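Undergrad: What follows is each chain in one-letter form.
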Amino acid sequence: MSQELIDDVVGREYEYGFVSDIDQELIAKGLSPDVIHFISNKKEEPEWMLEWRLKAYEQWLRMKHPHWSNVHFPPVDFQEIIYWAAPKKKPTLNSLDEVDPELLNTFKKLGIPLDEQKQLAGVAVDAVLDSVSVKTTFQKALAEKGVIFSSMSDAIKNHPDLVRKYLGSVVPVTDNFYAALNSAVFSDGSFVYVPKGVRCPMELSTYFRINAKNTGQFERTLIIADEGSYVSYLEGCTAPQRDENQLHAAVVELVAHAHAEIKYSTVQNWFPGDKDGNGGVYNFVTKRGLCEGAKSKISWTQVETGSAITWKYPSVVLKGDESVGEFYSVAVTANYQQADTGTKMTHIGKNTRSRIVSKGISAGKSQNSYRGLVRFNSKADNSRNYSQCDSLLIGDQCGAHTFPYLETANPTCTVEHEATTSKIGEDILFYCNQRGLDTEKAVALIVNGYAKEVLNNLPMEFAVEAQKLLAISLEGSVG
Amino acid sequence: MKPLLIIDQLRAGIEGREILKGISLTVNPGEVHAIMGPNGSGKSTLASVLSGRSEYEVISGSVTYNGEDLLEKAPEERAQAGVFQAFQYPVEIPGVSTANFVRTSLNAIRAARGEEPLDPSAFLMRMKERMALVELDPSFLQRSLNEGFSGGEKKRNEIFQMAMLEPTLAILDETDSGLDIDALRIVANGVNALRTPNNAMVVITHYQRLLNYIVPDVVHVLMDGQLVLSGNKDLALELEAKGYDWLRNDGVVA
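Residue numbers (this note's numbering), protein chains in the order written: chain A, 1 to 479; chain B, 1001 to 1254.
No lab work stands behind these hints, which were simulated from the structure alone. Treat each hint with caution, since some may be false.
Stated by the list, open to error - Derived DSS-like pairs: lysine-lysine, alpha-carbon spacing no greater than 27 Å straight-line:
(1) B:1128 to A:452
(2) A:423 to A:365
(3) B:1154 to A:452
(4) A:379 to A:350
Claimed, not checked - Covered stretches of chain B (in silico footprint by chain A; criterion: 3 or more residues with CB under 8 Å from a CB of chain A, positions within the stretch not fixed):
(5) 1040–1053
(6) 1076–1086
(7) 1105–1112
Values in this document were obtained by computation on a predicted structure and should not be read as measured data. We treat Cβ as the ideally placed atom computed from N, Cα and C, and that holds for glycine.
Start from the sequences, fold in the hints, and give me the full structure.
TA: So this is what it looks like as C-alpha cells:
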C-alpha cells in the first residue's frame, strides 16, 4: 500500500473528545499518605479500608515499574497526577433532579442516558465520571432478585463483609506495580453480587469517563457470582481529547463459584491520541477471574480500539474441576497506538478447558502484540487449551507480534495453537471496489468479517456498536 | 444504435512499460465480443484498465461508456455505473459470507443510483434463483466468500455475482481458465441466460472452446498490445486450428 494512502489517516476523528464543563472538586497533584487519607475520608470509608490502602501504598513504594512489555513510553511521573476529581454536586441515588444537568448531558452525548425510561431495554448502567460513580440505574428491579449492583463506594459502606472477603482475593495487592497503585488510590468502580441460583435479569453495564485534566482514573470492579448464578456485564470507556497522556490503571476481579457463569465484555474506546501520536490514555489494567468452584465459567470478550497504549491481560484461574475459561479479543491499533494484550489461562483443577481467540488489527504506524500464557499445573489432569491468534495488517508501516508462552507440568494436558498473519492487500480491496464498494466500506466489511468470531460473543446491543466502532477506528487508514 | 462502449486508440501500461499499444473497439448493446490472443498479448491488461485497477496507467486514448468518460471514474463508480468484471483469480474474504458480500455490494450499487436496498425476502429469492442458474448449492451463500471453494466454484461464484448485479457491461477475464468441460458448460449457460438486448459482454479467452458455448458476435485477435484481426465466430475456429503464429508470420504484426 502506498505512502500517501497511509498518510491519509489524517481524516480520523475521535468522536468523544469533548470536555464537559462540570463544577469539579480536585485535589492537588501528587501521591502521599495524606492523599490516601483524603480519598478514604471523602468516601467515608471504614478504618479497615484505609488500612488496606495504606498497606498497598507501602508495598507500591517498594516496587519497580515493569519493563518487559512491547510498549514504549516515557516514564510516568506519579507526582504529576491528580488522584481525586469529582463533580461537586453529589447526586443522591434516588433522584436525577439533583444531578448537575451538564453531567447528565455528558452521558447523554455519550449515548448513555441515565434516565431509566430512556435506556436500552434490559440494561442497567453504573456511570463513573473521573473518581466517582454518579448514578446506578435499575437498582430496585435488581434488588428484587437479590442482585447487588452498586458503586464500589456504596458497596464498601453497605456490604462491607462481601467486599472485605473478596477484595484483593483474585488480584492481590502486590500482584503488580499498577495493581498495587490501584489498591492504594482506587476511587470508585462497580460492585456486583449475584446470589445463589439467580440468573441476573438484565445486562449490567458500567460506563467510565475521564473528564478532568491531568487526572488518573483508578477504578476497581468486583463481581461475585455465587453458586449456580449467571451474570453478563459490560464496560465502556471514553475520555476527552487532551494533549497530555492520561493514566488509567484499573483492577477488575471476578469470582465464579460452582456452576456459576460470568460473561464480561469490554468495549474500550479511550482517547487514542492524535494522528501524530500526541496525547491519549495509557490503559494499564489488571483483569483476572477466578473459577473458584467446579463447572464454573468465566468468559472475557474485549473490543479494544482506543488508548494510546493498551497493556492488559484479562485472565482466568481455573481452580474448580471442569471449569471453563474463555478469552475473545479484537484489538485495533492505528496511527501511533501501541497494544500489548492477551490473556493468561492457569489450569489448576482437573478437566479444565480454556479457549483463546485473539484478533489483532494493525494500521498506520502502530504496534500490536498478542501475549498469552497457558499454564497447566501438576494436578490439572486432562485439561485442554485451544488458542487462535490472528493478525491482520493494513499498510506496510505497522507491526504485529505474537508472544505465546506455554508451561505444562502435567503430561495428560492437550494444547492446540493456531496463528495466522494476513494483510488487506490491493487485490482484495480492488475486488471489493469492482463490486461497487468504496474503500472505507470495503475495509469495514473485511475487518468485521475478520473479527466476527469475537463480535458474536458480545451482547446484541453492543455488537452493533462495536461493529461501527471498528469501522470508525480504521477510517482513513487506507485511501 | 448508440454504442455502449467506445475504446479509442487506447495506450496503457504498467510500471512504465507500454502493454496496450493503441486499441480501438466499439461494443453495441446486445453484443458479445470475444478477445482472443496468446499469453502476454495484453488481454488481462485491457480488462484491468476497463475496470480501473490503479497499478495500470493510461498513456493516451479514451474510453467512453454510455456516453461518459469511463477512465475518469473510480473503480467503484464504474461498478455502480454497471461495469462488472468476472476475475480470473477471485479473492477469498474470510469471515464475510457470500450472501453478506453480495448484499453489501448490491445495496451499495443501488444506493449510488438512489435506490432503496432490496428487501430481505426479495433478496433471498433472487439469490436462490441465481444460485440455481450456475448450479451452486445454496449452502455456499453462508460460507465465507470463495474460502475453500474449488477453482470451478470460484468461477461459478463470479457468474452468480454477475447474475445478482445485472451489469450493463460485463468483462469476463479468462473465466474459462482451469475449468473442466462440465464447469465450462455451467458457466456458459449462466452467461447465456444473462444476455439481453440491453447489455453487452466482452469475453477474454485464450482458447476457442468457451466460444462453442458462448457464441460471440465479433471475435478480435489481440497480439502484442494491438487488435490485429477481427471477424465473426468462425475466426475463433480458424485460430484454434492454426494457432496465433501465422498472424505473426504473415507480417500482420510488425
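Undergrad: Against the earlier hints, flag every one the structure doesn't satisfy and list their numbers going up.
TA: Result: no hint breaks.
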